[in-house]
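Asker: Single-letter residue listing:
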Amino acid sequence: MKILTGNDLGSGDVVWWTGSGWSRHVEDAVDVADHGEAIASEEEGARRVNVPYVIDGTPTPEGPRPAHIKDRIRALGPTVRADLTLKPADPAAGSWVI
Amino acid sequence: MADAFRYRDDAVHEEPAVTLEAFLAQTDASAVRLESGDDARALIPALDRLQLVEIAFPTFRDGRGYSAASILREAGYAGELRAQGDVLVDQIPLMRRCGFDSFAPEAPVDDEVLARSLARYDDVYQTTVDAAVPVWKLRHG
Amino acid sequence: MYRYDQYDQAIVDARVDEFRDQVQRRLSGALSEDQFKPLRLMNGLYLQLHAYMLRVAVPYGTLDSRQMRMLGHIARKYDRGYGHFTTRQNIQYNWIKLEQAPDILAELATVEMHAIQTSGNCIRNISSDQFAGAAADEVTDPRPWAELIRQWSTFHPEFSYLPRKFKIAVIAADEDRAAMRLHDIGIQLVERDGAVGARVFVGGGMGRTPMIASEIAEFVPVDELLSYLEACLRVYNRHGRRDNIYKARIKILVNDLGADEYRRQVAEEHAAVKALGIDPPAAELERIAAMFAAPALDASAPTDLDRSDPDFALWLDGNVAAHKVAGHAIATISLKPVGGIPGDASADQIDLMADLAERYSHDELRVTHSQNIVLPHVRIADLHAIWTALHGAGLGEANLDLISDIIACPGLDYCSLANARSIPVAQKIAQRFGDLGRQRELGELKLKISGCINACGHHHAGHIGILGVDRKGVENYQLLLGGSGAEDVSLAKITGPGFDEDGIVDAVEKVTDVYLARREGAERFVDTYRRLGMEPFKEALYG
Chain R
1 MKILTGNDLG SGDVVWWTGS GWSRHVEDAV DVADHGEAIA SEEEGARRVN VPYVIDGTPT
61 PEGPRPAHIK DRIRALGPTV RADLTLKPAD PAAGSWVI
Chain Z
1 MADAFRYRDD AVHEEPAVTL EAFLAQTDAS AVRLESGDDA RALIPALDRL QLVEIAFPTF
61 RDGRGYSAAS ILREAGYAGE LRAQGDVLVD QIPLMRRCGF DSFAPEAPVD DEVLARSLAR
121 YDDVYQTTVD AAVPVWKLRH G
Chain E
1 MYRYDQYDQA IVDARVDEFR DQVQRRLSGA LSEDQFKPLR LMNGLYLQLH AYMLRVAVPY
61 GTLDSRQMRM LGHIARKYDR GYGHFTTRQN IQYNWIKLEQ APDILAELAT VEMHAIQTSG
121 NCIRNISSDQ FAGAAADEVT DPRPWAELIR QWSTFHPEFS YLPRKFKIAV IAADEDRAAM
181 RLHDIGIQLV ERDGAVGARV FVGGGMGRTP MIASEIAEFV PVDELLSYLE ACLRVYNRHG
241 RRDNIYKARI KILVNDLGAD EYRRQVAEEH AAVKALGIDP PAAELERIAA MFAAPALDAS
301 APTDLDRSDP DFALWLDGNV AAHKVAGHAI ATISLKPVGG IPGDASADQI DLMADLAERY
361 SHDELRVTHS QNIVLPHVRI ADLHAIWTAL HGAGLGEANL DLISDIIACP GLDYCSLANA
421 RSIPVAQKIA QRFGDLGRQR ELGELKLKIS GCINACGHHH AGHIGILGVD RKGVENYQLL
481 LGGSGAEDVS LAKITGPGFD EDGIVDAVEK VTDVYLARRE GAERFVDTYR RLGMEPFKEA
541 LYG
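Residue numbers (the working numbering), protein chains in the order written: chain R, 1 to 98; chain Z, 1 to 141; chain E, 1 to 543.
Next up, chain R with everything else stripped away, as it sits in the complex:
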């Protein structure tokens, strides 16, 4: 699947395209198929996202899993500070990234 991601302009938060807007949670990301560039362009022009880009991902029961470890780290947070991630209490979170 293809996922569209970027950063929120004002806050810098990592965001994922949900089909209608931007979520901070990768579970909400949808498959953009081959529309990613077009959506990115429109959303960036309207400043609803900053430096968006399309990545590969795999659908899983927990939600889309970005193909590259860098984007999984973006999705969750630093692997060395569980307390700073989006899922500080989730023991499985670390292995999901790696």
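In case anyone wonders, no lab produced these hints; they're calculated from the structure.
Model, not experiment: these values are computed from the prediction.
Each residue gets a CB set at the ideal place from its N, CA and C atoms; glycine is no exception.
There may be inaccurate statements among the hints.
Label-pair distances were calculated between CB atoms; the ranges are [to be verified]:
(1) E:ALA195 - Z:LEU114: 53 to 61 Å
(2) Z:GLN51 - E:VAL469: 31 to 39 Å
(3) E:MET534 - Z:ARG139: 53 to 61 Å
(4) Z:LEU138 - E:ASP355: 36 to 44 Å
Chain R is already provided as a structure; the job is to place chains Z and E on it using the hints.
Answerer: Here is chains Z and E on its own, set in the frame of chain R:
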């Protein structure tokens, strides 16, 4: 291209700016355009007949024009020194300090932003070719 | 230390106003990201993996307790309770919002701090020796010179759009505690006929093509130094490559031209600019130097110490260096607790260090390029009280220059440029070698880890260096041996094929075992490597 503007009182120089190679070959040319890789020092022997030097900024990241302009002013060039190309409003104050007194940006420049930018800093740390007195001189007279 | 006068303050305040304007124009869309990026970089603001990252300048690594407390305040108010001290003596915050960045800069400006030129293709923070003003071996305190250069380089209009970043270091001793030879310009202050001048090296750097700087000038007197630097920079600005960002540093230019030709071009340029009034009068350096006068230190202060606490004794032996004034010492606070994140400090730890500096170190601290903190002027009699406070706050690790005193970049956990994570590797290595007795047995061992070829972890300058790479989407680690950023400067060499995360920890153990088996006399790891060459280490690693 957006409107060009200049900080000079004299009349706009009408003669088209030729390439450096052409300028050096033509003894009657008075306007030259330097590409970012051209050597500004090549103009020094001909400064007395030069009235316009246009320096290209092919991308705003290419900072060679700042040195080219400084070199010309240091050598005594008093004619029009124009920055042309990918010139952004936030760079114009720096370019003024390097001796540019004329601008031909590709994209329009916001006048209000420009006015604020030019007026923002009362003090400068270093001597350049402009008339600003560096802070160390204010400290020690 | 340097104190702003009305001009310095006005300039920093104007910069805050300028950046606030630029941010507002970015948020409104008047500036595209492409146009805004160089502007925000020139204020140290990156867009990183998780958020914006702000790099605050600590000029030549020196700050006082008031400034340190502001750094702690920013960590609490605008970030997530901690900061990261860097290999260029600065501090970074990883969770910054663009909307708040101007307010942060405004708060910094109230304590004479800023984030000016901590990134971008311009002249960066001028770094220096963390023992400046306290070490007996320096010719003079290098920091007034660093301050002079800092002012000259700040908003220099000709050099704001260089081919690439530009890093300058200034030291004043033969012992190089600031990796001076690995800078774009490195300056060693030396004495000649009773005067101090600059020995100027150009063309050092790490990254994709590491190089050691060449000596370009033997002795530049202070009244010509800035015009000489102007000439060095102008030659670079005019002729440095702009076609390939991996070939754009000045080291490539100096290497391509040859040091002799580069020197000749600089001399020619210098002759042209020398008379243009670039150099301030001697009075300006004197004005600055007066602010760096040594604090009033009582040389008759007591020197006896109670070493009965073994942990305190280990810290004394490991982290405390001699001060030029009797009765005093230089204490290094390790930010490398075994298993912790190298260079990170919590807001509470930052406040504690500020308090200790104010109380015990004449209100001064230093950041080192090894990502530790120094209290430069402490009384020997106060060392136990200092250590007790540090120990209670997780800042008492006695591992200075030992294998667990690791330099590590933030790596893929934080940095969008990275190919691999560096912090977990640092943690695992530190834990493998956690026993302090074992570390002291190994002795001085500078281990440096970079998560990508940009080499922010200085791996080329490690006695043991580790470079994280991306091998078909999987993190992989290359091992390098024999580098040094000190006066015995050398570039580390790769051992062979890389390792996975567990493999690299084993590999480090294998090469240290070779060292222990083969060392002679008082050799350090790097000395044994230099004597034996790569072969025995390669043999142990790859069989």
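Asker: Can you let me know if the beta-carbon spacing of Z:GLN51 and E:VAL469 is within 31 to 39 Å?
Answerer: With Cβ atoms ~56 Å apart, the hint is violated.
Asker: Is the hinted range of 53 to 61 Å satisfied by the C-beta distance from E:MET534 to Z:ARG139?
Answerer: holds, 55 Å
Asker: For the range 36 to 44 Å, tell me whether the beta carbons of Z:LEU138 and E:ASP355 fit it or not.
Answerer: holds, 37 Å
Asker: Does the Cβ-Cβ separation between E:ALA195 and Z:LEU114 fall within 53 to 61 Å?
Answerer: violated, 46 Å
In summary, the structure is inconsistent with hints 1, 2 from the numbered list given earlier, while agreeing with the others.
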